[in-house]
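K.L.:
Chain B: place on chain A using the hints.
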Amino acid sequence: MSPIDLLPQAVANGLLLGGIYALAALGLSLIFGIMDIVNLAHGHLLMFGGYVAIILLAMFGVTPLAGMLVAIVLLFAIGVFLERVLLDRVVDGGIEQPILVLFGVALVFQNLGQHFLGSNAHSTTLGFNGHLAFGPIQLSSSRAITFVLAVVLVALTWAFLEYTTTGHAIRATSQNREAARYVGIDTDRIYMVTMGVGSALAGAAGALLSVLFPISPYLGWSYLLKAFAVVVLGGVGSIAGTLVGGLIIGSAENVTAILLGGSYRDIATFLIFLLVLLVRPQGLFGSRSGGE
Amino acid sequence: MSRWSESLFASRRTLAVGVVLFVVMAVVPFVTTAYQTTLAMTALVFVMLAVSWNLLAGYAGQISLGHAAFFGMGAYVAAWLTKPGAANLPSWISLHPIIALNPVLGLLVAMILGGLASAVLALAVGPMMFRLRGHYFAIGTLALAAIIRLVMTDQRTLSGGSTGYYPSQVMGATDTYLVTLFVAAAITLASYFVVNSRLGLGMQAINDDEVAASGLGVSPLRYKMYAFVLTSFMAGIAGSSYALNQLYINPTSTLGVNWTVQTLVVVVLGGMGTLAGPLFGTVVFVVIDNLLSSVVGSLATTVEGIIIILFVILLPSGVYGYARSYLAEGTDREPALTEA
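Here the protein sequences line up with chains A and B, keeping their order.
Residues in the first sequence are numbered from 1 upward in steps of one, following the working numbering.
Residues in the second sequence are numbered from 293 upward in steps of one, following the working numbering.
Careful: at least some of the hints might be erroneous.
[To be verified] Heads up, incomplete: computed chain B residues facing chain A, CB under 10 Å, no partners named:
1) V319
2) F322
3) I355
4) I431
5) A438
6) A504
7) L556
8) T594
[Unchecked claim] If you anchor each label on the Cβ, the simulated ranges turn out as follows:
9) B/F314 x A/G261: 44 to 54 Å
10) A/N129 x B/W384: 38 to 48 Å
11) A/V183 x B/V412: 21 to 31 Å
12) A/G127 x B/N380: 27 to 37 Å
13) B/V315 x A/D186: 57 to 67 Å
None of these hints come from the bench; they were simulated from the model.
We treat Cβ as the ideally placed atom computed from N, Cα and C, and that holds for glycine.
If we strip away everything but chain A, and leave its shape as in the complex, we get (with noise of 0.2 Å):
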């Protein structure tokens, strides 16, 4: 088969990956957008929430989607320590203490991986295999369903923004930081659940991946840049943009891989990166330019 045979399965497969890039995205997205901090430790809490889904198979067998409860759950709780503890003495005075501070726990993590799970990379299953077939097209059932619990997560955070008064508060201290401040907002309370969430979802998309790809501790800085590609390609603080984003990533990476080799994915996806930054740094649904 040749390789252009090869690109609606390609293409597919993307999608489906493209969700949970969507998801590891939002989170970052989310941070960004309302605490005005890369969270460079992103990569890093989406690798630690592939562990969570992979130590618990190996140990309990338990299923990953289960772990990726637990994931979401411990994850929300690293979060809010890391704002808690870290963030909160650096948040709002300029923009190179977050970065050195979230660099420093990225290091941290990526170091407890490779010593306590060793360099080797590791996977999950979910158990049983199977695929639905769309005329040449095959979708497995482990890309599907990750897929669907990527986009089931992605909307339920949009309703939590959209119809909780939290989710109003958290959009309001994006919009306007003291004038949140001004009609009585905690702001403080807000970046603690934001960073929660933020990096929930950062390991729920770790678990789902863990499913699909191995995870090792050296991936952290690669699925950084993905997932802020992703948030650039679809523009800080769009929902539908992120998820859109995620898709064209996921499918642009495996069409690269059919046609220039496995090993030009990333570049593939840095490139477009870069290419955004630099024609469209609102990204395709932003409002907020890039450049700032």
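P.N.:
Just chain B now, kept in the frame of chain A:
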């Protein structure tokens, strides 16, 4: 008296510490073991990297997370120039005629050309990267470095892939070390003059307030580019000297994010935006790193990460910055160095 020499004398203490440090480093290969000399060599590479990154991040305020790209570029250019055959490059680029004439000159030329290659890379990508600001610049440079590393890893002919590349030896280990020491000292001194020059003031002006600076006729892009190209030149030299001392490099060992990490640690430890900070930071880092790897073993990076976090939160001006403000009651405060 010119302003440079004035401020040089105004900081006699710094000068004295610098001279002592230089002499100590110069006798290291003659009085210590080979292992300790290797350690000192690593320290010199860190000094060059830290001094250069500090100019860009500490003074011009541009947090680049792509420093490793310029380090690795310098390392590979030095490797290609000393052994072009292994990468299928034409043999006329080989520096062996110069090395045969005078090894010291050959080594210096290799280092400077390595630095120039990185400077050219910075010149090419700078105008694009500086369309990004703040967070976007940081993450954009991280992506750029990742692209360069991935492409080089894929180009096995040029980089040796994961098998690596063996540059040929120019001089004995001790001589190479001494030349590197002089180059590192020259780079440190150069950063001193740059910071106290018009160029350095322009860099600090755009760091303090870009809009106000451009209102006063200091073009932000131009000064960012000066800082970026100069910084990359120095990082390239650091890479070249690493390659010619180690005599083995591969894409991960030279272009990986590790060099960026360690540079950041050194500068943050010592004190960002201070001239002596990178020197203090290097000493503290090499000692801590050595202690750590013997005490906590493979968890050393965790402790490094925690150290970065603690320093940024508790001691944001670094060891040197803290020591200076502690001692600053005296008269010999250093005029251009007070901005942390």
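K.L.:
Of the hints given before, which are not true for this structure?
P.N.:
Those not satisfied are hints 1, 2, 6, 10, 11 and 12.
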